[in-house]
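*Asks:* So the sequence lines, in the order shown, correspond to chains A and B. Positions in the first sequence are counted from 1; adding 156 to them yields this note's numbering. Positions in the second sequence are counted from 1; adding 84 to them yields this note's numbering.
If you are wondering where the hints come from, they were derived from the structure by calculation, not from laboratory data. Note that beta-carbon positions come from the ideal geometry of N, C-alpha and C, so glycine has one too. Misleading hints may appear alongside valid ones.
[As the list claims (entries may be wrong)] A partial selection of chain A residues facing chain B, derived with a Cβ cut-off under 8 Å:
hint : residue
1    : R228
2    : D232
3    : A247
4    : L248
5    : F249
6    : D256
7    : L260
8    : G261
9    : F263
10   : R264
11   : R266
[As the list claims (entries may be wrong)] Per label pair, the in silico range of CB-to-CB distance:
hint : chain 1 : residue 1 : chain 2 : residue 2 : range
12   : A       : S174      : B       : L317      : 16 to 22 Å
13   : B       : L420      : A       : D268      : 49 to 55 Å
14   : B       : E166      : A       : R273      : 27 to 33 Å
15   : A       : A294      : B       : F408      : 57 to 63 Å
16   : A       : D268      : B       : S231      : 58 to 64 Å
17   : B       : V270      : A       : D232      : 32 to 38 Å
18   : A       : I176      : B       : M375      : 42 to 48 Å
19   : A       : I391      : B       : W417      : 56 to 62 Å
20   : B       : L235      : A       : G223      : 42 to 48 Å
21   : A       : G199      : B       : A230      : 27 to 33 Å
22   : A       : G199      : B       : S303      : 40 to 46 Å
23   : A       : E296      : B       : V246      : 38 to 44 Å
24   : A       : D175      : B       : S195      : 34 to 40 Å
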Amino acid sequence: MTTSTPLLQVSKLSVAHSDIEAVSEVDLTVGEGQIVTVIGPNGAGKTTLLSALIGLLPSRGTISVDGEMIERPEIDRMIARGLSLVPETRALFGPMTVEDNLVLGAFRRRRDAGFDRAKALDDVYARFPRLWERRRQAAETLSGGEQQMLALGRALIGRPRLLMLDEPSLGLAPLLVRELFRMIEGLRAAGVSILLVEQNARAALRVADYAYVLELGRVGLEGPADVLAGDPRVISAYLGRGADATRGTSFATRHEIPAR
Amino acid sequence: MNGQIALMLGQDGMTSGAIYALLALSIILVFSVTRILLVPQGEFVTFSALTMAAMQSGRPVRLGVLVFGLALVALAMDIVAERQRHRRWTVPRTSLALAAHGLFVVGLGLSVPFDHLGLLVQIGFALLTVVPLGPLIYRVFFQPIASAPSLVLLMVAIAVHVALIGGGLLIFGPEGARTEPFSDSVVQLGPAIIASQTLWVIGVSAALTVALWLFFETSLWGKALRAAAFNRLGAELVGISPVFAGRTSMTLAALIGAVSGIVVAPITTIYYDSGFLISLKGFVGAIIGAMSSYPVAALGALMVGQAESFSTFWASSYKEIIVFTLLLPVLLWRSLRQPSVGDDE
Ligand SMILES: Nc1ncnc2c1ncn2[C@@H]1O[C@H](COP(=O)(O)OP(=O)(O)O)[C@@H](O)[C@H]1O
Ligand SMILES: [Mg+2]
Numbered sequence: 157m158t159t160s161t162p163l164l165q166v167s168k169l170s171v172a173h174s175d176i177e178a179v180s181e182v183d184l185t186v187g188e189g190q191i192v193t194v195i196g197p198n199g200a201g202k203t204t205l206l207s208a209l210i211g212l213l214p215s216r217g218t219i220s221v222d223g224e225m226i227e228r229p230e231i232d233r234m235i236a237r238g239l240s241l242v243p244e245t246r247a248l249f250g251p252m253t254v255e256d257n258l259v260l261g262a263f264r265r266r267r268d269a270g271f272d273r274a275k276a277l278d279d280v281y282a283r284f285p286r287l288w289e290r291r292r293q294a295a296e297t298l299s300g301g302e303q304q305m306l307a308l309g310r311a312l313i314g315r316p317r318l319l320m321l322d323e324p325s326l327g328l329a330p331l332l333v334r335e336l337f338r339m340i341e342g343l344r345a346a347g348v349s350i351l352l353v354e355q356n357a358r359a360a361l362r363v364a365d366y367a368y369v370l371e372l373g374r375v376g377l378e379g380p381a382d383v384l385a386g387d388p389r390v391i392s393a394y395l396g397r398g399a400d401a402t403r404g405t406s407f408a409t410r411h412e413i414p415a416r
Numbered sequence: 085m086n087g088q089i090a091l092m093l094g095q096d097g098m099t100s101g102a103i104y105a106l107l108a109l110s111i112i113l114v115f116s117v118t119r120i121l122l123v124p125q126g127e128f129v130t131f132s133a134l135t136m137a138a139m140q141s142g143r144p145v146r147l148g149v150l151v152f153g154l155a156l157v158a159l160a161m162d163i164v165a166e167r168q169r170h171r172r173w174t175v176p177r178t179s180l181a182l183a184a185h186g187l188f189v190v191g192l193g194l195s196v197p198f199d200h201l202g203l204l205v206q207i208g209f210a211l212l213t214v215v216p217l218g219p220l221i222y223r224v225f226f227q228p229i230a231s232a233p234s235l236v237l238l239m240v241a242i243a244v245h246v247a248l249i250g251g252g253l254l255i256f257g258p259e260g261a262r263t264e265p266f267s268d269s270v271v272q273l274g275p276a277i278i279a280s281q282t283l284w285v286i287g288v289s290a291a292l293t294v295a296l297w298l299f300f301e302t303s304l305w306g307k308a309l310r311a312a313a314f315n316r317l318g319a320e321l322v323g324i325s326p327v328f329a330g331r332t333s334m335t336l337a338a339l340i341g342a343v344s345g346i347v348v349a350p351i352t353t354i355y356y357d358s359g360f361l362i363s364l365k366g367f368v369g370a371i372i373g374a375m376s377s378y379p380v381a382a383l384g385a386l387m388v389g390q391a392e393s394f395s396t397f398w399a400s401s402y403k404e405i406i407v408f409t410l411l412l413p414v415l416l417w418r419s420l421r422q423p424s425v426g427d428d429e
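Whole structure, please, built from the sequences with the hints as guidance.
*Replies:* Right under this line is the structure:
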């Protein structure tokens, strides 16, 4: 992991909404086959960060994929490089069937001769048998958990190299959250690298290899997920009793970063 | 009024209703994919009708000049855009092909005596000339402001409409024109005598509707367009670019308009500025369908056709007023059912 070039390397990334900077000088690395999580309170800039990485928002700083810097990160290029984002809203095609949603997930591969669409569809159904049962149903008629599954399936069918998930557990019942995180671990086992943005810090730190804490657009803390899970500052702000991730507690100063 | 007249009026209403339904479909398609209220929809109708008329009367087809001109502007815009993106000079192949096509229709339009060629050749050439206007208008006027507020898009749409009418006057002149019917025969259907062109209009509209339905339901392209209409973010994330969706929907809009123009030209006298009232009635249908439901819009458009036809009989000078007054109860009902609607997104 430390010897090979990382899949995604971001340095000094800043992103602004009109003239207000929502993400400031963020450095972040995702290695091949890793789950890396970004946790932080509401409004910390997590969604803004992912939007910039997929090329929906312009940014300053550098984004490299496989060690190659992307000159102008625009969405078509980032998708072509194998980045895939499941947004917070899931952005499904509501009135269309589950199967059509999945098939469209591979739209970027339409001219790719080496891509076997039927096989990719079968693989998604094998991973999510529920979607196979509901394949003729309109996406908007699925339950919340099934919709999240469909969003995952749609992002996976084009065989992305890096899957970015924006608060996938949002709005799911605790039992479904547990199932979802098991699926995310299953994806890593299948070789997909994952950048996981979560407010559910406890669950995210449990599955992740490495973690960043984002506060007010800056990385306040980072480290191996199990080390951060034991860090008193993280415990009191995000894990401890009474800690409310939606409000969070801001670190007043930038803390020293544990050695990687 | 007796039964005979009622049948005739019903037939007339059905014919215009079928066209309004097609236009309503097109307007909804473009609106849901791009947020553009396609005011110039009617210009595709008039341009193709007047192009057919020009060919049949042995005059040169000058519309190609507009196609070529727009294609050159589009080519320049694409070259500049590529230069800004990649910091090197490249000529995008699709815009070069469109410019070449523009030159092709200018050349043929000015030199070939289409009045000596068959109807099918004329129809083919009218489509080749009018349909590229759809993607070109999108490229030149709408793509640069694709994410602007809806109101800006609407104002640009109106400006394009007005500019096209001006262009139409220069290209086709102020005279109205009518083309020859596809065939002269009449059909006796029970007590009614139906002109065969009426059947052509209804048949072609029905066939085009079915073809569009198949396109949207079964082809990957069609599904991608629907996806872009249902969720723009989702579409972008799977690689359906807004430019692709906008260009394709405008191409379809131009195709629908051009086909409509070709089939109605033998029935109605078309002037360079007839497009506005034609597309306005398509709008009424689209609004009845709440800018989203195709079947309801088609039904509404058919009703508009009937209302127009029957009010021509009873109060012909008020027929436009009657048709648009119909819109008021629909709007009222909609606003009561849906108390507040956000502007964008
Ligand atoms: N479209 C927008 N325009 C202006 N400000 C925005 C926009 N989206 C988010 N912001 C602001 O940027 C900051 C970060 O938001 P966001 O990235 O959504 O945070 P998170 O996903 O961590 O909850 C917030 O202060 C938010 O108000
Ligand atoms: Mg967010």
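*Asks:* Can the suggested window of 42 to 48 Å be confirmed for the beta-carbon pair I176(A) and M375(B)?
*Replies:* violated (34 Å)
*Asks:* For G199(A) and S303(B), compare the CB-CB distance with the range 40 to 46 Å and indicate the outcome.
*Replies:* About 42 Å separates the Cβ atoms of G199(A) and S303(B), which means 40 to 46 Å holds.
*Asks:* For the hint on L248(A), just tell me whether its beta-carbon gets within less than 8 Å of chain B.
*Replies:* holds (6 Å)
*Asks:* For the restraint on F249(A), tell me whether the closest CB of chain B is nearer than 8 Å.
*Replies:* It holds, given that the least Cβ distance between F249(A) and chain B is near 4 Å, below 8 Å.
*Asks:* Between D175(A) and S195(B), does the C-beta distance stay in 34 to 40 Å?
*Replies:* violated (57 Å)
*Asks:* Starting from the range 42 to 48 Å, see whether the pair L235(B) and G223(A) falls in it by beta-carbon distance.
*Replies:* Holds - the Cβ-Cβ distance for L235(B) and G223(A), about 46 Å, lies within 42 to 48 Å.
*Asks:* Under the criterion of a CB-CB separation shorter than 8 Å, is A247(A) in contact with chain B as hinted?
*Replies:* With a closest approach of 3 Å, the A247(A) hint holds.
*Asks:* Can the suggested window of 38 to 44 Å be confirmed for the beta-carbon pair E296(A) and V246(B)?
*Replies:* Once the Cβ atoms are compared, 40 Å apart, the range 38 to 44 Å for V246(B) and E296(A) holds.
*Asks:* Is the interface hint for G261(A) satisfied, with its Cβ closer than 8 Å to some Cβ of chain B?
*Replies:* holds (5 Å)
*Asks:* Given the hint of 16 to 22 Å, is the C-beta distance from S174(A) to L317(B) inside that range or not?
*Replies:* holds (19 Å)
*Asks:* Can you tell me whether the CB distance of A294(A) to F408(B) sits inside 57 to 63 Å?
*Replies:* For A294(A) and F408(B) the Cβ distance comes to about 35 Å; the hint is violated.
*Asks:* Regarding E166(B) and R273(A), is the given constraint of 27 to 33 Å on their beta-carbon distance met?
*Replies:* holds (30 Å)
Comparing the model with each numbered hint stated earlier shows that hints 15, 16, 17, 18 and 24 do not hold.
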